[in-house]
Amino acid sequence: MKQSVIIPHLFRTEYRKMVSVLSKLFGIEHIEIAEDIVSDSFLLASELWGLKGLPENPTAWLYTVAKNKTKDYLKRNLIFAQRISKEIKYNVPISEEIEIDLSVKNINDSQLAMIFVVCHPCNTPEAQISLALNLLCGFGVDEIANAFLTNKEVVYKRLQRAKANLRHEKIKIEQPAPADINDRLPAVLMTLYLLFNEGYYSSNQDVTLRKDLCFEAIRLTNLLIENGQTNQPSASALLSLMYFHSSRFDARLDQNGEIILYQDQDTELWDQGLITKGEYFFNQAWQGDMISKYHLEAAIAYWHTIQPDSKEKWDNILQLYNHLLVIEYSPIAALNRTYALAKANGKMEAIAAAEKIKLEGNYLYHSLLGELYTNIDHAKAISNLQHALALAKSAADKNFISSKISEYMQKSQHS
Amino acid sequence: MKDFLLVYRTDENTMNAMPKRSPEEMQESMKRWMDWIGGIAAQNKLTDRGNRLTPSGKVVKAGNVVADGPYTEIKEFIVGYSIVKATSIEDAIELAKGCPVLTIGGNVEVREISVM
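Chains A and B supply the protein sequences, listed in that same order. Residue 224 in this note's numbering sits at position 224 of the first sequence; the count goes up by one each step and never skips. Residue 94 in this note's numbering sits at position 94 of the second sequence; the count goes up by one each step and never skips.
Calculated from the structure, these hints are not laboratory results. A hint or two may mislead.
Straight-line C-alpha distance at most 25 Å; calculated BS3-like pairs for lysine-lysine [said to hold, decoys possible]:
| # | chain 1 | residue 1 | chain 2 | residue 2 |
| --- | --- | --- | --- | --- |
| 1 | A | K356 | A | K380 |
| 2 | B | K97 | A | K347 |
| 3 | A | K347 | B | K31 |
| 4 | A | K313 | A | K343 |
| 5 | A | K343 | B | K97 |
| 6 | A | K52 | A | K67 |
| 7 | B | K97 | A | K358 |
| 8 | A | K170 | A | K211 |
| 9 | A | K358 | B | K85 |
Facing chain A, a subset of chain B residues (Cβ under 10 Å, in silico) [claimed, not checked]:
| # | residue |
| --- | --- |
| 10 | N44 |
| 11 | K45 |
| 12 | L53 |
Each pair of labels, with its calculated beta carbon distance range [unchecked claim]:
| # | chain 1 | residue 1 | chain 2 | residue 2 | range |
| --- | --- | --- | --- | --- | --- |
| 13 | B | M116 | A | K157 | 41 to 47 Å |
| 14 | B | L102 | A | R219 | 49 to 55 Å |
| 15 | B | P23 | A | E258 | 41 to 47 Å |
| 16 | B | D91 | A | P178 | 30 to 36 Å |
| 17 | A | R219 | B | R21 | 48 to 54 Å |
| 18 | B | V60 | A | Y201 | 52 to 58 Å |
| 19 | A | T150 | B | G57 | 43 to 49 Å |
| 20 | B | M116 | A | E328 | 45 to 51 Å |
Treat the numbers as computed from the prediction; the structure is a model and nothing was measured. Virtual Cβ for every residue (Gly too), placed ideally from N, Cα, C.
All chains should be modelled from the sequences, with the hints used to inform the complete structure.
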C-alpha cells in the first residue's frame, strides 16, 4: 500500500485502539490528551513516512511513537502532578518505568471498556452515537457531520459537551463488574442499534458512508460477543438482526442511493454469506430464556430473508410485530405492522387499522396509506401520496414518492 | 390519557358447550387475540397487556371461609384482563369493541382506573 492510502487506513483501524488504551490509562479527565497524543503520532507518521519511506511495520511504529509520547507526557507532568496539583491523579502509579500495554488483549479490553463509557446514559442517544463514531470508530468531525447531514460546528460542540458530561459524572473507564453487566448492557445495545439504523435508514445518499456505519456497528457488537461477560443472548440477537438487514444492502439501494422497495428487490443481490452469519447468531440468541425486542426484530428480519413470499411468512411477521409492539411502541413498528397486516389479513383490515394509528405528519404513514388505497380508493390513494410528498424531507424520498405518483397516474389513465 | 381496565368475561355454559378445540383452532384463537391487542399497541394505547386467568380458583370470605370460585352464584367468570390508555370512556369502549371474546359469547367490562 502506498503512504497516501495506508495512513487513512491505519487511522481508521488503529486510531481507536490507541485512543482506547491511552484513555483507559489516563482516565476520563484526560481523554483529550489521549486523543492529542494519538493524533500527534499520526501527524509525525505522515511527515516522516513521506520523507523516509514506510517503516517495516507501520502499526508497530505508530504504537512505539505513541508509547514514547505518552511516557514523555507523563514524565513532563510528573513534577506538576506530584508537587503542584495533587488532585490530578492518573490511573497509573507515576514512576520512572511506565508500561503502556498495546497487546491485542489489552486493546480489546480497553475498547470494550470504552464502549460502556461512550454508551453511558448521561448523554443523549444522539451524542452517544457521535461519541461512538469519534472514539470507537475513528471518525473525524467532518465525517460525523456528513453522516448526520449537519455542520461541523454542531458536531464539534456536541462532542465537547458529551465529553464534559462524562468528566462531570466521573465515569470510570473500565468494564463494568459482572453483577452490573445486565444493568449496563441494554444502554450499550441501544446505542449500537441506533448507530446501525443511522447507516441503514439514513437519508444520506452516500452509500459507502452508510455501509461504513452499519459495519462499524457490527464490528462493535462483535466485540461484545467476543467477551464472555458481555456475550449475552440479547447481544447475539442484535448482531443477527444487523447481519440479516445488511444482507439486503446491495439490493435495497440503487446506484444513486435511492430506495428499492422490498417487493421490488433483486433477491440475487441478497448476500447469502451475511444471511448465514445472521442465522448463526440468531440460534445463539435463543440460548437463554429472556426475549428482548432484538430477538423479535431479528426474527422479523429472519422472515424477510425467506423467499418466496407466502401466507405463512406474513402471518409470522405480523405476529412478531404484535409482540414487539406489546413490549415497546414505536411509530415505525406500528407502520410496519400495518403493512404486514395487509399482507397477512388483507388490505381492508389494514386500512381500518391504519386509520386508527394516526401518525399524520409522518410521510411514511401517508405513503403507506397511499399504497393501501391503491386499486381501492383512487382519490384517497393520490391525496395520501401527495401528502407524503409534501412531508418528505430528503431528495431520495421525494423522488421515490413522485415516481410512485406518476406511475399510479399512468396506470389509472389506462384502466 | 387515562388508564382503563378491560375485564374479559365469558359465560360458563358457552365454555362448556364448546367442543374441545384442536391445536389449529387454539392457534387461530391466539392469533385473533394477538391481532387485536397488537392493533391497540400500534395505536400506542396499550399500558399493560395483562394476563389470562385459569378457569378455577377459590373465594375467601369473611371468617376465612373458603369457597370454590370464581363465583358459583353467577355463570359468568373472568378469563383475563388488560389495561389500555384512552382519552375517555367512549374512546376505551371503541378499543374494546374488537375484542375476540365477543365472538364467543363473552363480554368486556370497561372501567376507568382511579389513581390513588
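Hint check:
About 16 Å separates the Cα atoms of K356(A) and K380(A), which keeps this hinted pair within 25 Å; it holds. Taking the CA atoms of K97(B) and K347(A), the gap is near 20 Å; set against the 25 Å cutoff, the hint holds. Distance restraint check for K347(A) and K31(B): the Cα-Cα separation of roughly 18 Å lies within the 25 Å cut-off, and the hinted pair is therefore satisfied. Restraint check for K313(A) and K343(A): satisfied, since their Cα atoms lie roughly 9 Å apart, inside the 25 Å limit.
A hinted pair counts as satisfied when its Cα atoms are at most 25 Å apart, and K343(A) with K97(B) qualifies at roughly 23 Å. For the suggested pair K52(A) and K67(A), the alpha carbons sit about 21 Å apart, so the restraint of at most 25 Å is met. Taken as a hint, the K97(B) and K358(A) pair is honoured in the structure, with Cα atoms around 18 Å apart against an allowance of 25 Å. At most 25 Å may separate the alpha-carbon atoms for a hinted pair to count; K170(A) and K211(A) exceed this at roughly 34 Å.
Distance hint between K358(A) and K85(B) is fulfilled; the C-alpha atoms sit about 15 Å from each other, no more than 25 Å. Annotation: interface hint on N44(B) holds; nearest CB of chain A at approximately 4 Å, less than 10 Å. Against a cut-off of 10 Å between C-beta atoms, the interface hint on K45(B) holds, since the closest Cβ of chain A lies about 9 Å away. For L53(B), the interface hint is violated, the least distance from its beta-carbon to any beta-carbon of chain A being 18 Å, above 10 Å.
Distance hint check for M116(B) and K157(A): the Cβ-Cβ separation is about 45 Å, which falls inside the suggested range of 41 to 47 Å. Taking 49 to 55 Å as the suggested C-beta distance range, the pair L102(B) and R219(A) conforms, at roughly 51 Å. As the Cβ distance of P23(B) to E258(A) is approximately 46 Å, the hint placing it in 41 to 47 Å holds. D91(B) and P178(A) have their C-beta atoms about 47 Å apart, which leaves the hinted 30 to 36 Å range violated.
Checking the proposed 48 to 54 Å range against R219(A) and R21(B) shows it holds: the Cβ atoms sit about 49 Å from each other. For V60(B) and Y201(A), the Cβ-Cβ distance of about 54 Å falls inside the hinted range of 52 to 58 Å, so the restraint holds. Under the hint 43 to 49 Å, the C-beta atoms of T150(A) and G57(B), about 59 Å apart, miss the expected range. Look at M116(B) against E328(A): about 27 Å separates their beta carbons, and that is not inside 45 to 51 Å.
Hint compliance for this structure: hints 8, 12, 16, 19, 20 are not met, and every other hint is.
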